[in-house]
Amino acid sequence: MTETATHPTGAFAPPTRFAVPGRIEVDGLVAGTWQTATLAEIRRETPRASTFRLAVPGWAGHVPGQHLMLRLTAPDGYTAQRHYSLASAPDGSGHIELTLDHVRDGEVSGWFHEVARPGDRIEVRGPLSGFFAWPGDRPALLLGAGSGVVPLMSMVRHHRARGLTVPLRMLVSARGPEELIYARELGAETTPVFTRRAPAGTRAGRLGAEHLRPFLADPPAGGWEAYVCGSNSFAEHASRLLVAAGQPVERIRIERFG
Amino acid sequence: MNTTRGFTGRTRAARPGLPPGQYDAGDDWPVLSAEVTPEVAAADWTFRVGGLVAEPRTWDLAGARTLPASAYTGDIHCVTGWSKFGVRFGGVSLDAFLDAARPLPSATHAVAYSHTGYAANLPLADLTGGRAWIAWDYEGQPLSPEHGGPARLVVPHLYFWKSVKWVAGLELLDHDEPGFWEQNGYHARGNPWEEQRYSGD
Ligand SMILES: Cc1cc2nc3c(=O)[nH]c(=O)nc-3n(C[C@H](O)[C@H](O)[C@H](O)COP(=O)(O)OP(=O)(O)OC[C@H]3O[C@@H](n4cnc5c(N)ncnc54)[C@H](O)[C@@H]3O)c2cc1C
Numbered sequence: 002m003t004e005t006a007t008h009p010t011g012a013f014a015p016p017t018r019f020a021v022p023g024r025i026e027v028d029g030l031v032a033g034t035w036q037t038a039t040l041a042e043i044r045r046e047t048p049r050a051s052t053f054r055l056a057v058p059g060w061a062g063h064v065p066g067q068h069l070m071l072r073l074t075a076p077d078g079y080t081a082q083r084h085y086s087l088a089s090a091p092d093g094s095g096h097i098e099l100t101l102d103h104v105r106d107g108e109v110s111g112w113f114h115e116v117a118r119p120g121d122r123i124e125v126r127g128p129l130s131g132f133f134a135w136p137g138d139r140p141a142l143l144l145g146a147g148s149g150v151v152p153l154m155s156m157v158r159h160h161r162a163r164g165l166t167v168p169l170r171m172l173v174s175a176r177g178p179e180e181l182i183y184a185r186e187l188g189a190e191t192t193p194v195f196t197r198r199a200p201a202g203t204r205a206g207r208l209g210a211e212h213l214r215p216f217l218a219d220p221p222a223g224g225w226e227a228y229v230c231g232s233n234s235f236a237e238h239a240s241r242l243l244v245a246a247g248q249p250v251e252r253i254r255i256e257r258f259g
Numbered sequence: 002m003n004t005t006r007g008f009t010g011r012t013r014a015a016r017p018g019l020p021p022g023q024y025d026a027g028d029d030w031p032v033l034s035a036e037v038t039p040e041v042a043a044a045d046w047t048f049r050v051g052g053l054v055a056e057p058r059t060w061d062l063a064g065a066r067t068l069p070a071s072a073y074t075g076d077i078h079c080v081t082g083w084s085k086f087g088v089r090f091g092g093v094s095l096d097a098f099l100d101a102a103r104p105l106p107s108a109t110h111a112v113a114y115s116h117t118g119y120a121a122n123l124p125l126a127d128l129t130g131g132r133a134w135i136a137w138d139y140e141g142q143p144l145s146p147e148h149g150g151p152a153r154l155v156v157p158h159l160y161f162w163k164s165v166k167w168v169a170g171l172e173l174l175d176h177d178e179p180g181f182w183e184q185n186g187y188h189a190r191g192n193p194w195e196e197q198r199y200s201g202d
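Residue numbers (our numbering), protein chains in the order written: chain L, 2 to 259; chain V, 2 to 202.
Honestly, the hints are just simulated from the structure, not real lab data. Honestly, I wouldn't trust all of these hints.
[Unchecked claim] Using 20 Å as the maximum straight-line C-alpha spacing, the simulated SDA-like pairs for lysine to any residue come out as follows:
1. 85/V x 107/L
2. 85/V x 84/L
3. 85/V x 82/L
4. 85/V x 232/L
With these hints in hand, go ahead and build the complete structure from the sequences.
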């Protein structure tokens, strides 16, 4: 895995203090054709989010952080397509996991939460994109909110499964402890930030400069690659905090769920 | 056809103007950019047309505003699946800039690039003939930074990742050269009506 530091076209752009990070080489692990996936298991994570384990025998593998496109088809041929991040680490098992928030009146997430059961078949296409991807080769500082933790969890799981020693830290924002996705699985690498209801002894409040300071005041050798994922408003807020705390803009990767 | 058990989908009034696989985002305008939103002041914004042209030219915002005003009113389509109907972008037709720089006969493609270094490649034919704009207004208001202000490219007949935000220039070439998403597996042209999302579509 290598990274093209500057893309050929970047040569034309005038210098500014804002820059888009280089791409991460994902060894051709992109796009591909539609494949049938069979729902193997459903696990509840929080009152609003569940994990859906899918058997995809032809899955080519992925890099943590990548996403896929998913398609549901109605009897009259109408289809609904949405993007979902891969929650599982690449493990060669022929299975992948997605974690979906139950969006109010959501067409696709509604089907998953209200109708889906093991044995159902859907279609997936991916993995997609080589931008928001962490190959496990550099220190990673992960900032997520809500279901934005999903692609970050793939990175955390990959880090553990491979026994990687490169530093990895995660800050995850949730309204309260009961809404923290993957709560049971989170370890010492994770700092939760609760915005509305915090457990006894801690304060509820938004992600702030004080949460980032311990990491950015003392970055690991080579510096952090920052990955920010969540709603657009969270992405704007968190990326501004990172810039203000001294994180180089060309080392901030952002995935916006809309 | 691989019908999904129990899936009927939202009731759909056949919406003419909705390309295959897209849905109507209504009043939402989701933001999609991979980088930190840059703070490009209007006074610092410049737009250059270079490469295979008779006369490379650079405009600042005041200079660009002296060109004949032109607006796009219509629909836009994002590769992530949403479409937005009846939006209005105000600015100047890209033809006005190209007419001033005069593309050489050998120019066939262009790379549109941003003040952040983001870039998208386009066939020159998709940028001429009143089909592309440099826009600084949205619904009569200055374009917000999240959506590409001070000024962005607008090429509404292609997926919107081609409509480079914080646009800094256009480099005319005699060959196609993949931009940011195109290097990441996205389609070279991105025509929503042919659902050209990823390379190979
Ligand atoms: C790269 C990427 C990765 C993502 N990863 C994840 C992930 O890991 N987990 C996750 O949960 N989400 C993820 N998302 C978001 C996901 O793609 C969907 O947007 C989300 O699941 C909502 O889809 P839906 O069909 O359930 O809701 P939609 O039906 O799209 O509705 C969303 C909202 O808009 C309203 N709405 C939309 N259209 C209409 C209409 N025509 N009429 C009335 N109301 C309407 C709905 O009421 C609802 O409030 C990701 C998005 C991107 C871009």
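Flag every earlier hint the structure violates by its number, smallest first. Failing hints: none at all.
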